[in-house]
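**Q** Each chain is listed here by its residues.
Protein chains: 4
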Amino acid sequence: MSSRLDGRRVLVTHAHRYLGPPVVELFRAEGATVLADESELTGPDEPEELVARSGRIDVLVANLAGPPEAMPVTGMMVRPTEFTDEAVRGYIDALVWPLLRIVRATLAQMFERGSGKIVAITSATPERAIPGLSIYSAARGAQNAFLQVVGAEAAPHNVQVNAIGPAHIENNMYYTEDMLADRSVRESFEADIPAGRLGKGHEAAELALALASGASDFLAGQLIPVSGGWTT
Amino acid sequence: MSSRLDGRRVLVTHAHRYLGPPVVELFRAEGATVLADESELTGPDEPEELVARSGRIDVLVANLAGPPEAMPVTGMMVRPTEFTDEAVRGYIDALVWPLLRIVRATLAQMFERGSGKIVAITSATPERAIPGLSIYSAARGAQNAFLQVVGAEAAPHNVQVNAIGPAHIENNMYYTEDMLADRSVRESFEADIPAGRLGKGHEAAELALALASGASDFLAGQLIPVSGGWTT
Amino acid sequence: MSSRLDGRRVLVTHAHRYLGPPVVELFRAEGATVLADESELTGPDEPEELVARSGRIDVLVANLAGPPEAMPVTGMMVRPTEFTDEAVRGYIDALVWPLLRIVRATLAQMFERGSGKIVAITSATPERAIPGLSIYSAARGAQNAFLQVVGAEAAPHNVQVNAIGPAHIENNMYYTEDMLADRSVRESFEADIPAGRLGKGHEAAELALALASGASDFLAGQLIPVSGGWTT
Amino acid sequence: MSSRLDGRRVLVTHAHRYLGPPVVELFRAEGATVLADESELTGPDEPEELVARSGRIDVLVANLAGPPEAMPVTGMMVRPTEFTDEAVRGYIDALVWPLLRIVRATLAQMFERGSGKIVAITSATPERAIPGLSIYSAARGAQNAFLQVVGAEAAPHNVQVNAIGPAHIENNMYYTEDMLADRSVRESFEADIPAGRLGKGHEAAELALALASGASDFLAGQLIPVSGGWTT
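Residue numbers (the numbering used here), protein chains in the order written: chain X, 986 to 1217; chain U, 986 to 1217; chain B, 986 to 1217; chain Y, 986 to 1217.
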């Protein structure tokens, strides 16, 4: 039995959504003590309070998806002349603010200890245009750009901040079970993916595990797309 | 005398700031009718109202910099454990909201006519980490990701949306005259730039002109860094 | 009438192929003296001899395509278990060696004068995988990586070296007239291009013109894809 | 004790050079049967013969560095007006040909079995210009572009082809012991690396291990720089 995270305390946000469930399962199987948090984190003080009550965080998995009312992906599509300010605010509130605030709070304790790892689970969409997703991509682009700089800033403190950028990975936010069960929907996605199939949550979780352990020791601010070759 | 923009109506935002002045000067010299707008565009309805009263816009130069109180670049630097929510909000309000809203409003008339060009002047910083600029980079990253998607969406309407990403270009927002006159400050910048010097505003304006005319006819959602090779 | 290249001496290689014809036409219309060279440039000394007999070269357009016997694109497709050493050698000989040698020879005179511009016409394929084109992409990748470094090296000499990376642009090497006339072939390409159409040669030539004149004054080693948004 | 490669047969090329030694050590510690090959692989048939006599290869680590006579990095530096054809040929022969040939030969058996992993150890230099390294970067650029396409082609066969791109990692090819022991040399490198230090071979080996095991199951043609944030 493997135990790559033995003795590590790991905080996973939005643990019930997106890639939270496979990450929690894999990280526990690898011996981690996982704090699987399911709060929305949209309140201005929520992220800091969560960090404060979590004790020592060796690894933060900043997994964020939302807002729930906009999901799945078919509901997120909008023309560039028709998106509403409310929709924009929804993505900024669900994706940008929680990430910035929880990274800020977690880094404080990691810098103090001189060690720690942050793995953000963002998206590969800012790497390649998907018509209809301009607003979503803007929010994910803010996340990715923020993490690139913070990764450079954190590296001299022996804290590794990196990200994985999923696209075309089965998950409970961007797809519904009906969509995944519909052969024609599935084929329309698969035609675009070099691997010829959608990815599984545990495949992305394995990459997150790599970044949460030794594979990221000399990475800083790296975004790694995980998309079956859809983007590289 | 050159007249590459003869008869074109061009709206330039934040015309008194950042790369506004050299763009206005060059575009006028090329025969354009330039609407040089100097409003902040931070009010929710300001961008739409500006577009409404501008009449036909053949070219939008979405030049945005700010917020003014955070400038110059030395005042923008902050540690990733210490930035404030107010600072984040400042950048989102000055850079992200105005861009999204003015692009949305302008595209509506351009789609109707089946032609038009948008040149956004954003930043190359999301392409390469500058420690201290995590929040600024997040806002610029949101801009760049948004434009990439909108570029793809607008292309079939014969509307070209692209961006230039300045870095290390002399301008009145990120540098003060004192900084530019100080030899040691200048040298600290120049050491990092393959070209061995800071760029001039009119050099970036020439690239903006290219994207505002024939050179962008088959570009869609492209970001072109203009940084003397600092990033490519 | 426009005259953006008045008095400039421009050398265009493979002038009868790929984007040579539209570049020659546009650059002449802009007042340049164009040396339209049609030699293969595969002999080890050919590039240097061409430069030697060309006199002053203000602008080099390093347009290279080939080898002719492998064209069009349907003939270039090969499985990664089946390409031959001969095919590899063909692409290296047609694309890599001529570029390296002619850039080397041209830079010598440009460095001496302290001015000059090189615009390479390579390909966007190294930016996004096209199954079947591994060998072709390797040769184009060598070109792009070489130019990025040379661009940085040349910039302090006031010599601007940059590249455009065409993809999905009509030309006489990668497409045949039959392919372009066949509606289903055309549609299979177009489905992949955000702009919804193939590009025209003169559209790429306009971008080359921008890089051959003021728009590249503060660019160094930049590759600009021109592909209707297929890659950005 | 960990055993992430238990029962896996791994072929490592140039096993005595570059990142070969730390990869061999780590992969053996993880239970792999490692074939540590030390041949130059510059003969046209060498790669295929090596694959033929290696039996089943579950994982190929295509680690290539050279040519030995050009190393270390200080000996590789050359101006863009002065590199020789011999130098170019040296890099193509040492880096490009062996990679193409050994990947071609290995994929044949992996496609037949419907499984396998290839991890190439190339370089991050094509991602960011280092003056003096134009020729070296061209060869590494050819490798990276080739692997991106092959990764897409191999993915539907359940074969994952990916790469790590080291930069600023201690190794026995690009640095000498004297260079690494010289404080001023070391500091000149470190000033450029966000992490503030050179990387260790075993840190890159850990990333190679991730790509040789579960972390790459939904990656295809991905290049991951490992450079302490020097490039991302």
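Please note: incorrect hints may appear among the correct ones.
Partial selection, computed: residues in chain U whose CB lies under 10 Å from chain X [to be verified]:
no., residue
1, Ala1037
2, Ser1039
3, Gly1040
4, Leu1092
5, Leu1118
6, Arg1125
7, Val1134
8, Phe1174
9, Ala1176
Note that these hints are calculated values from the structure, not bench results.
Don't be surprised by glycine CBs; every beta carbon is placed ideally from N, CA and C.
**Q** If you take the shortest Cβ to Cβ gap from Leu1092 (chain U) to chain X, is it below 10 Å?
**A** holds, 5 Å
**Q** Does Arg1125 (chain U) pass the interface check with chain X, least Cβ-Cβ distance below 10 Å?
**A** holds, 7 Å
**Q** With a cut-off of 10 Å, does the beta carbon of Ala1037 (chain U) approach a beta carbon of chain X closely enough for the hint to hold?
**A** violated, 14 Å
**Q** Does Leu1118 (chain U) hold up as a contact with chain X if the rule is Cβ-Cβ below 10 Å?
**A** For Leu1118 (chain U), the interface hint holds, since the closest Cβ of chain X sits about 6 Å away, which is under 10 Å.
**Q** Checking hints one by one. Is Val1134 (chain U) an interface residue toward chain X, by the C-beta closer than 10 Å rule?
**A** Where the cut-off is 10 Å and the nearest Cβ of chain X is about 4 Å from Val1134 (chain U), the hint holds.
**Q** Is the hint on Ser1039 (chain U) kept, meaning its closest Cβ partner in chain X is under 10 Å away?
**A** violated, 16 Å
**Q** Take the shortest C-beta to C-beta distance between Gly1040 (chain U) and chain X; is it under 10 Å?
**A** violated, 18 Å
**Q** Minimum Cβ distance from Phe1174 (chain U) to chain X below 10 Å?
**A** Constraint on Phe1174 (chain U) not satisfied, violated at 18 Å.
**Q** A closest beta-carbon separation below 10 Å is what the hint needs, so does Ala1176 (chain U) meet it against chain X?
**A** violated, 17 Å
In this structure, the hints that do not hold are numbers 1, 2, 3, 8 and 9, in rising order.
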